[in-house]
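Participant: For the record, the sequence lines run as chains A and B. Here the first sequence stands for residues 1 to 264, where the numbers follow the numbering used here. Here the second sequence stands for residues 1 to 309, where the numbers follow the numbering used here.
Where hints are given, some of them may not hold.
[Stated by the list, open to error] With a cut-off of at most 25 Å between alpha-carbon atoms, the simulated DSS-like pairs for lysine-lysine come out as follows:
hint : chain 1 : residue 1 : chain 2 : residue 2
1    : A       : Lys58     : B       : Lys121
2    : A       : Lys165    : B       : Lys50
3    : B       : Lys50     : B       : Lys37
4    : B       : Lys121    : A       : Lys243
5    : A       : Lys58     : B       : Lys50
6    : B       : Lys174    : A       : Lys6
7    : A       : Lys58     : B       : Lys176
8    : B       : Lys37     : A       : Lys243
No lab work stands behind these hints, which were simulated from the structure alone.
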Amino acid sequence: MTPSTKLIGILLGGIGTLAIYSFLYKENRFYRLFEHIFIGVATGWLVVTTFRDFLFPKFLTPLWERGFTGLVFRLNAGAFEGQGAAGEFVKRVADASWYPTQYLWLIPAMFGCLYYTIYSRRHNWMARLVIGFGIGIGGGAAFEGFFSEYLPQIFAAFRPLLVFKSGGGIDVNLSVLNLVITLSMLSTMIYFLFTIDRHKFNLESTASAGRLLMMVSFGAVFGSTVTARLALLIERLQFLVYKWSIAWVDLYHLFAGGGPPNGV
Amino acid sequence: MTPDTPRRTVLDFIANLDRRFVYFLTAVVMLIPIVSKLEFRPPMMLQAEKLFNYVEDLAREPNKRVVMISLDWGPQTAPELRPATLAFLKHVMYRRIPVVVLTLLNDGRGFTEVVPPEAAKVVEDARRAEGVPANEIEVLYGRDWINLGYRFGFSDAIRGMAGNLIEYVRSDTKRKPLEEYEIMRNVKGADSFSLMVEVTGSVGIFPAWLQWFKQTRTMRFALGCTSISVPESYTYLDSGQLVGLFEGITGAAAYERLLSERLGLSPSRDTFQAMTTQMFGQGLIVLLVIVGNVAYFMLQRRKARESTT
Numbered sequence: 001m002t003p004s005t006k007l008i009g010i011l012l013g014g015i016g017t018l019a020i021y022s023f024l025y026k027e028n029r030f031y032r033l034f035e036h037i038f039i040g041v042a043t044g045w046l047v048v049t050t051f052r053d054f055l056f057p058k059f060l061t062p063l064w065e066r067g068f069t070g071l072v073f074r075l076n077a078g079a080f081e082g083q084g085a086a087g088e089f090v091k092r093v094a095d096a097s098w099y100p101t102q103y104l105w106l107i108p109a110m111f112g113c114l115y116y117t118i119y120s121r122r123h124n125w126m127a128r129l130v131i132g133f134g135i136g137i138g139g140g141a142a143f144e145g146f147f148s149e150y151l152p153q154i155f156a157a158f159r160p161l162l163v164f165k166s167g168g169g170i171d172v173n174l175s176v177l178n179l180v181i182t183l184s185m186l187s188t189m190i191y192f193l194f195t196i197d198r199h200k201f202n203l204e205s206t207a208s209a210g211r212l213l214m215m216v217s218f219g220a221v222f223g224s225t226v227t228a229r230l231a232l233l234i235e236r237l238q239f240l241v242y243k244w245s246i247a248w249v250d251l252y253h254l255f256a257g258g259g260p261p262n263g264v
Numbered sequence: 001m002t003p004d005t006p007r008r009t010v011l012d013f014i015a016n017l018d019r020r021f022v023y024f025l026t027a028v029v030m031l032i033p034i035v036s037k038l039e040f041r042p043p044m045m046l047q048a049e050k051l052f053n054y055v056e057d058l059a060r061e062p063n064k065r066v067v068m069i070s071l072d073w074g075p076q077t078a079p080e081l082r083p084a085t086l087a088f089l090k091h092v093m094y095r096r097i098p099v100v101v102l103t104l105l106n107d108g109r110g111f112t113e114v115v116p117p118e119a120a121k122v123v124e125d126a127r128r129a130e131g132v133p134a135n136e137i138e139v140l141y142g143r144d145w146i147n148l149g150y151r152f153g154f155s156d157a158i159r160g161m162a163g164n165l166i167e168y169v170r171s172d173t174k175r176k177p178l179e180e181y182e183i184m185r186n187v188k189g190a191d192s193f194s195l196m197v198e199v200t201g202s203v204g205i206f207p208a209w210l211q212w213f214k215q216t217r218t219m220r221f222a223l224g225c226t227s228i229s230v231p232e233s234y235t236y237l238d239s240g241q242l243v244g245l246f247e248g249i250t251g252a253a254a255y256e257r258l259l260s261e262r263l264g265l266s267p268s269r270d271t272f273q274a275m276t277t278q279m280f281g282q283g284l285i286v287l288l289v290i291v292g293n294v295a296y297f298m299l300q301r302r303k304a305r306e307s308t309t
């Protein structure tokens, strides 16, 4: 009886996990082997998906089906002229699949290929054209993106320091919260005011408070980073305990002559 | 031990602790809830509840508009984001809100094929248990949900879909034209959706959705993020750019609790347990930080005392 691909996958997954975690003890060949396997698989996967999901469906297939096919039939249409059904067929296909605008795709494609001139000392100035074009597009999009992303946040930063309840009276909780946010924002901004003399305007302590507040926020980010790393460990531990260990039991039963008791 | 050798105290042991001992201790402590299958009830999270209530409001609309969820995560962030995705999909599928699933990350492709059927199965089981008529139990592909798979091009893909999704994407993962599906009948661009849920651990993807899927009065955003990006995600929440947020595993566990208590859907045991295990890990780290600091200051005091005598 041969083990299923799922079973093999789980067994290999567990071995790979232990190999990577073995680095925590010390650098070793077992770790290096799986690190290289991972890099190789990831690179191969990226190349294949780039072809399969972008180059073929978005560029090569439309160009071939709606560009080159039409061109080939069009060029040969003359040879089939007056040959009855065959001639009609060739003419019909030539007309139906003739989209000259598809050839426009070749212009950006050739322009993009100029990037490869980066390997030539003499011609690498052409690669800079492509890089410059990319930076221009990226810069324009980022400028536009700034307004959609940050403007609502800037508007939201202007808060009333006294919030009134709908039934009357002051909403103390919200008012205090707004005050804290406003003071935090102002003190942090003052910390980054390097063009004026803070001492002259008595802003030293406010800037220090801003620095302190930033430290608190960095601490929060660091704490949440630790939490995220723990989550990764949890998933691997759950995998090793609930799946990997059971997969070995299944493999043993498989070779002992019975079926896998846990159905992996 | 010779009389000249200084006696090693607990303080010296802590000060010279091998980092490998900390790794080992962390693994042992975190294995306790996993091996014993210990589960604590997750806390109620305000942001998860906001999203839950928003989806409930959408469910009350007579003509339920389509919801979009982008699974922009891979194996490296799956432990935190898979529970969030699963919880959200269970909710919309249970409420019969049509949902479009896709990913902008290469690594996410496999998850778009695995997670929605998993959510559909939970919903179908729940409907069976409720005694729903047999013809209304199934969560149908093409009517209740659709998988657009991996869309190459990041912000270009978002821009293309925002303009005319049918024309840009053309076919689903089964390579069938989108026009043939019932769910896509009223979908055109970004305005056709009632909610766009971005689930990601990557920085920069959500702003691209914000940029190209302009937030209209009727189309809102929600975010599922990893614990790392929670602090920066609050900025979007505070400015009203999000209707709700999944804050890592805790957010997903809170959502699962809402699904269980308010809709009677069976909660994901893995999510509850992961949250409990995370709590054990965090507790240990806090303890180690306190012990380490106390030991450090005590050692400093001892050194100062020794230098004066």
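Participant: Are the Cα positions of Lys121 of chain B and Lys243 of chain A separated by 25 Å at most?
Facilitator: holds (21 Å)
Participant: Taken at face value, is the distance from the CA of Lys121 of chain B to the CA of Lys58 of chain A at most 25 Å?
Facilitator: violated (35 Å)
Participant: Between Lys174 of chain B and Lys6 of chain A, does the CA-CA distance stay at or below 25 Å?
Facilitator: Measuring from Cα to Cα gives roughly 23 Å; hence the hint holds.
Participant: Keeping to a limit of 25 Å between CA atoms, is the pair of Lys37 of chain B and Lys243 of chain A held or broken?
Facilitator: With Cα atoms ~14 Å apart, Lys37 of chain B and Lys243 of chain A stay inside 25 Å; holds.
Participant: Do the alpha carbons of Lys58 of chain A and Lys50 of chain B lie within 25 Å of each other, as the hint requires?
Facilitator: Status violated; Cα separation ~40 Å.
Participant: Within 25 Å, alpha carbon to alpha carbon, are Lys165 of chain A and Lys50 of chain B?
Facilitator: holds (21 Å)
Participant: Would the pair Lys50 of chain B and Lys37 of chain B pass a check requiring their Cα atoms to be no farther apart than 25 Å?
Facilitator: It is violated: about 30 Å lies between the C-alpha atoms, which goes past 25 Å.
Participant: Do the alpha carbons of Lys58 of chain A and Lys176 of chain B lie within 25 Å of each other, as the hint requires?
Facilitator: Given that 25 Å is the threshold and the Cα spacing comes to 16 Å, the pair holds.
Against the hints set out earlier in the document, violations occur for numbers 1, 3, 5.
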